[in-house]
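Visitor: Listed below, chain by chain, are the residues.
2 protein chains.
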Amino acid sequence: MSVDDALPEQTRRRRADKGHTAGVKAVAAAAGVSLGTVSNVLNRPEMVSPLTRAKVEAAMASLGFVRNESARQLRAGSSRILAYLMLDAGNPFFTDVAKGVEEAAQAAGLSVFLCNSNEDVDREADYLDLLEQQRVQGILITPVDQNSSRLRKLPSRGTPVVVVDRALDDAEHCSVAVNDVLGGELAITHLLELGHELIAFVGGPNTIGQVVDRRDGARSALEKNERSAKALIELTTGALTVAEGRGAGQRLAGLPVDRRPSAVFCANDLLALGLLQQCVSMGLRVPEDVAIVGYDDIEFAAAAAVPLTSVRQPRQLLGRTAAELLLDESSNPDHEHQRVTFTPELVVRTSTRGAI
Amino acid sequence: MSVDDALPEQTRRRRADKGHTAGVKAVAAAAGVSLGTVSNVLNRPEMVSPLTRAKVEAAMASLGFVRNESARQLRAGSSRILAYLMLDAGNPFFTDVAKGVEEAAQAAGLSVFLCNSNEDVDREADYLDLLEQQRVQGILITPVDQNSSRLRKLPSRGTPVVVVDRALDDAEHCSVAVNDVLGGELAITHLLELGHELIAFVGGPNTIGQVVDRRDGARSALEKNERSAKALIELTTGALTVAEGRGAGQRLAGLPVDRRPSAVFCANDLLALGLLQQCVSMGLRVPEDVAIVGYDDIEFAAAAAVPLTSVRQPRQLLGRTAAELLLDESSNPDHEHQRVTFTPELVVRTSTRGAI
DNA sequence: CGGAGTTGATGAAAGGTTTCAAAAGTGGTC
DNA sequence: GACCACTTTTGAAACCTTTCATCAACTCCG
Chain Z
25 MSVDDALPEQ TRRRRADKGH TAGVKAVAAA AGVSLGTVSN VLNRPEMVSP
75 LTRAKVEAAM ASLGFVRNES ARQLRAGSSR ILAYLMLDAG NPFFTDVAKG
125 VEEAAQAAGL SVFLCNSNED VDREADYLDL LEQQRVQGIL ITPVDQNSSR
175 LRKLPSRGTP VVVVDRALDD AEHCSVAVND VLGGELAITH LLELGHELIA
225 FVGGPNTIGQ VVDRRDGARS ALEKNERSAK ALIELTTGAL TVAEGRGAGQ
275 RLAGLPVDRR PSAVFCANDL LALGLLQQCV SMGLRVPEDV AIVGYDDIEF
325 AAAAAVPLTS VRQPRQLLGR TAAELLLDES SNPDHEHQRV TFTPELVVRT
375 STRGAI
Chain U
25 MSVDDALPEQ TRRRRADKGH TAGVKAVAAA AGVSLGTVSN VLNRPEMVSP
75 LTRAKVEAAM ASLGFVRNES ARQLRAGSSR ILAYLMLDAG NPFFTDVAKG
125 VEEAAQAAGL SVFLCNSNED VDREADYLDL LEQQRVQGIL ITPVDQNSSR
175 LRKLPSRGTP VVVVDRALDD AEHCSVAVND VLGGELAITH LLELGHELIA
225 FVGGPNTIGQ VVDRRDGARS ALEKNERSAK ALIELTTGAL TVAEGRGAGQ
275 RLAGLPVDRR PSAVFCANDL LALGLLQQCV SMGLRVPEDV AIVGYDDIEF
325 AAAAAVPLTS VRQPRQLLGR TAAELLLDES SNPDHEHQRV TFTPELVVRT
375 STRGAI
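Read top to bottom, the protein sequences are chains Z and U.
Quick note: the first sequence uses my numbering, first residue 25, plus one each step.
Quick note: the second sequence uses my numbering, first residue 25, plus one each step.
Just so you know, these hints were derived from the structure itself, not from any lab.
Mixed in with the good hints, there may be bad ones.
Since the list gives no way to pick one copy over another, a pair counts as held whenever it fits inside one copy or between any two copies.
Stated by the list, open to error - In silico EDC-like pairs for lysine to aspartate or glutamate, Cα to Cα no more than 16 Å straight-line:
#	residue 1	residue 2
1	Lys123	Glu143
2	Lys248	Glu217
3	Lys123	Asp144
4	Lys177	Asp194
5	Lys248	Glu221
Construct all of the structure, not just a fragment, from the sequences and the given hints.
Guide: Shown next, in the form of structure tokens:
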């Protein structure tokens, strides 16, 4: 007693001990009803008399009852949660996709947990395990590693998967993507039309499918225009980040003028923004000395030092569609796996255009 | 039989039915050991003989055993997951904070679920309920609504809470913040030193504490410099987004020249970037016609059309510290609630400086 | 007043994992 | 061959919720 008096913080601490939370049983006892009735108040309130309901609700309030979701899920077999495992939470492109996912999930009464693999294969694998063990309703993922055996096994074990911004050749899940090859073609075709002869491609690592496709699109555009493959210089980066973009900018600016490309196509806008910043700070003029095309058309592309020409993707729509496919898969017994492909669009701005 | 033959997709569908997943019981049966032994293989592998372990592991692999995290948590009482409920996942500031959180969590062997309240009070409340019901280890939150009764109740019920980028007057949890009042003062003092007489403050809504503090800092700087309160024109926005920033830009540019502020202090960088973009597109020169100061110093601020002067916060450190406090709270019985405050720093760039 | 029908409340069982005290097995020693 | 110390395995109990068949009470009608 005197101890409690002397140490109020300890009281607080004790209160925070785990395991003290009241469960349905305690509520039932307090309200003087049975277990089942409490459960009915929670799940089928209309079939319990107003009087009883009031008693139970009062008991819940006074005991600070919090439903135990684990127990609930255990019984139910699956949760009301859906997860989006992002490639890079720091890239506005993916947070826009996430916004679309949230939109669709909310409309269906589900919640979304976002996870960030940060382009790290191990992190991705860990999260996949975790989410499967959590028995989430389904997983939306923009994979780092498209050959992940973990990923392939999920659907057959009961966790639906929808691949976002990528199309796997696997038939076990839906996917929603944008035609990245076409996007690459658009970018390079635009630069060729402007008269550029030597072009750099900045992107990497090559484990990322988007990078590969966009590069393939770039090459194919060269071919279609009957240019040599040597017209494309490849600068490989370790990730698709602003910092890597700056690094690439430095390498670019370091080239002797006669071998320096007059235009650069970056695998995403973060790279492009970093590259742009570095070029400007090293005295190269954009677009006079170097023209730059980005990819994604994130909100910041238009607000850049030199507004960025970029290949636009329907970001939010991508997320919304993916979530809808997932919901269909987990609720509709006649679900057929689909591969939805959207078409990108080139948005031309100052970074490739002479004038203001 | 013939039906199965004719419709291979249906087979696939059936396989994806829920409830078929093998549990410890099935594994035990398949390996010819008891339930407890399987559990030992999972949790204390060193105390089961290599031979038995091999048998069990083989059985797990062949049955595709996936641990049921719900059941696990139910027994254990809490999970190995920690959640960060963000104010706006589209704002790079918060994703940087999240990165710090993930860093600290990973070091401690925990996983992080990110949730996005999107500045919506109801969404925030829903997520808080959900996370509490999930019995997460703890919740990191940048609150929309600092008076949320839900939020206040959490710690006493056993879910530790750390408030990020905000300090509540409540004594029931730790908080990690940056001195926003000081940040506001830094910004305005800088503008006054440059000779600006009429300054606009752009930010809102006023339910967001950061906005209020930064505005208060702005006012206090005026006072300290013996200027009239009228020297600060307030343009209130509905959210801290690029779009709202553009709107504010439009309102600003619409003012008659003699009543138009020569400088603007924006409550965050997104507003500043939007405002900057709008001003430029409406023919105002920055910084000649309008000087702009942002807040947060996100990576994109430096890459903007006109590199942005901004108040820098230690973003990642903020997240890391918050997560560490949370971990301490849930593991250390002698934990004392702390209120950590970092100091912001003004980064001057072209948007407030005459020359290049 | 008896029986049918309706409404509301009950409580046991199930769901998958972990824990722990107890049992079984192993090897060595006197 | 009995006993001891030690390692390994066992199985029942507990965690909390939901479901569902069953029961009780009440209303209405003949």
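Visitor: Output the indices of the hints that this structure fails to meet, ascending.
Guide: none
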